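Chains C and X, in that order, are what the protein sequence lines are.
Our numbering applies: residue 1 is where the first sequence begins, and numbers increase by one.
Our numbering applies: residue 1 is where the second sequence begins, and numbers increase by one.
For the record, the hints were derived by calculation from the structure and aren't laboratory data.
Quantities reported herein were computed from a predicted structural model and do not represent experimental measurements.
A hint or two may mislead.
[Stated by the list, open to error] Chain C side only, calculated, beta carbon under 7 Å to chain X, not exhaustive:
hint, residue
1, Ala25
2, Leu43
3, Val84
4, Trp118
[Said to hold, decoys possible] A partial selection of chain C residues facing chain X, derived with a Cβ cut-off under 7 Å:
hint, residue
5, Tyr36
6, Gln49
7, Ala76
8, Gly79
9, Ile83
10, Leu114
[Unchecked claim] Derived pair list, reagent style SDA-like, types lysine to any residue, alpha-carbon separation capped at 20 Å:
hint, chain 1, residue 1, chain 2, residue 2
11, C, Lys81, X, Arg34
12, X, Lys113, X, Thr102
13, C, Lys81, C, Pro95
14, C, Lys81, X, Ile35
15, C, Lys81, X, Leu38
16, C, Lys81, X, Leu95
17, C, Lys81, C, Leu101
18, C, Lys81, X, Leu50
19, C, Lys81, X, Thr102
20, X, Lys74, X, Leu50
21, X, Lys113, X, Ile52
22, X, Lys74, C, Pro95
Every residue, glycine too, gets a C-beta built ideally from N, C-alpha and C.
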Amino acid sequence: MAVVHRDLGCANNGLEDWYWQRLSAVVLTILLPLPYILLIWLLQGDVSQGSLLEILEHPLTRMLHSILMLTLLIHAYIGIKVIVEDYLPLKIRMPFLGAILMVVIGLGFWWASLIWGWGG
Amino acid sequence: MQHKDSYRTHPMPLSPRLSIYRLHPVTLASGAHRISGLVLILSVPFYIWLLIALTGSSGEFQNAIDILRSFWGKVALWIVGMALIYHLLNGVRFLTIDAGWTDRRELMRSGAKVMLGIAAVAAPLLGALLWL
Chain C
1 MAVVHRDLGC ANNGLEDWYW QRLSAVVLTI LLPLPYILLI WLLQGDVSQG SLLEILEHPL
61 TRMLHSILML TLLIHAYIGI KVIVEDYLPL KIRMPFLGAI LMVVIGLGFW WASLIWGWGG
Chain X
1 MQHKDSYRTH PMPLSPRLSI YRLHPVTLAS GAHRISGLVL ILSVPFYIWL LIALTGSSGE
61 FQNAIDILRS FWGKVALWIV GMALIYHLLN GVRFLTIDAG WTDRRELMRS GAKVMLGIAA
121 VAAPLLGALL WL
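Just need the whole structure built from these sequences, with the hints factored in.
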């Protein structure tokens, strides 16, 4: 009988990825609609820059925005990893995921600097 | 080594095996989850760019608002909004499957159909919200 090699991808244990993907999903279900609703509000309403900044600079907004950023990047990285492990050949997976990780970390710092940078 | 040889003669199949499985609602719903996820990831740099403009000078703020209200701005918001609605609702469906509440074959099939149906209904509604 042929033994199919169990290729678990880059992780030695898939459970941890699975768990983090679900945990971040629950947080994102609550937080991810908020920036989209904000954009629709900007599109539809007659919103001044002052009132937008008032919302964005509020400490609670900054905290929630930071949590959104972190969970989104974790969720996105694991999501890309799952797709990569399904469809990319073994040899190029690691360098590809490494590059993705760099981009994700770079985006995170850029985003965080914005969240905490503007205003006072 | 038997292990290595078996890997060579039996390479890990693609998951799902796109060339073998016929497209049915469950496959489509799952594939759409991946595609909408990728769309959402690709929208992140645009969101950061919008944040920079919206929190910049008053001229940059107005420019960003004008772009949001332009035809292509609305098209982009529609695409991202559809990806968000689908990915979020289908994600909740996946969580109920993981929790063991809907992990029966019929429920997974009907759930996938419901998701594709919701997307079909949401598409014109979101368009109406953005354009009317």
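Evaluation of the provided hints:
At about 5 Å, the closest approach between the beta carbon of Ala25/C and any beta carbon in chain X falls short of 7 Å, and the interface hint on this residue holds. Because the beta carbon of Leu43/C sits about 5 Å from the nearest beta carbon in chain X, less than 7 Å, this interface hint is met. Interface restraint check for Val84/C: the shortest CB-CB distance to chain X comes to about 11 Å, outside 7 Å, so the restraint is violated. A least Cβ separation of about 4 Å between Trp118/C and chain X falls short of the 7 Å threshold, and the interface hint therefore holds.
For Tyr36/C, the interface hint holds, the least distance from its beta-carbon to any beta-carbon of chain X being 6 Å, beneath 7 Å. Interface restraint check: Gln49/C against chain X, minimum CB-CB distance 4 Å, threshold 7 Å, status holds. With a cut of 7 Å, the hint placing Ala76/C at the interface with chain X holds, because the nearest CB-to-CB distance is about 5 Å. Against a cut-off of 7 Å between C-beta atoms, the interface hint on Gly79/C holds, since the closest Cβ of chain X lies about 5 Å away.
Checking Ile83/C against chain X by beta carbon gives a least distance of about 6 Å; that is within 7 Å, so the hint holds. The interface hint given for Leu114/C holds, since its Cβ lies 5 Å from the closest Cβ of chain X, which is under the 7 Å cut-off. This hinted pair checks out: Lys81/C and Arg34/X have alpha carbons roughly 11 Å apart, not beyond 20 Å. Straight-line distance between C-alpha atoms of Lys113/X and Thr102/X comes to about 14 Å, which keeps the hinted pair within the 20 Å bound.
Simply put, Lys81/C and Pro95/C have alpha-carbon atoms about 12 Å apart, close enough for the 20 Å limit, and the pair holds. Proposed proximity of Lys81/C and Ile35/X is supported: the alpha carbons are some 14 Å apart, at most 20 Å. Straight-line distance between C-alpha atoms of Lys81/C and Leu38/X comes to about 12 Å, which keeps the hinted pair within the 20 Å bound. Note on Lys81/C and Leu95/X: the hinted pairing holds, with a Cα-Cα distance of about 19 Å set against a maximum of 20 Å.
Restraint check for Lys81/C and Leu101/C: satisfied, since their Cα atoms lie roughly 10 Å apart, inside the 20 Å limit. As the CA atoms of Lys81/C and Leu50/X are separated by approximately 27 Å, the hinted pair breaks the 20 Å bound. Of the supplied pair hints, the one linking Lys81/C and Thr102/X is violated, its CA atoms being roughly 26 Å apart against a limit of 20 Å. The suggested pairing of Lys74/X with Leu50/X holds, with an alpha-carbon distance near 14 Å, which does not exceed 20 Å.
Of the supplied pair hints, the one linking Lys113/X and Ile52/X is violated, its CA atoms being roughly 40 Å apart against a limit of 20 Å. With a CA separation close to 36 Å, the supplied pair Lys74/X and Pro95/C exceeds the 20 Å bound.
The structure does not agree with the numbered hints 3, 18, 19, 21, 22 stated previously, though it agrees with the rest.
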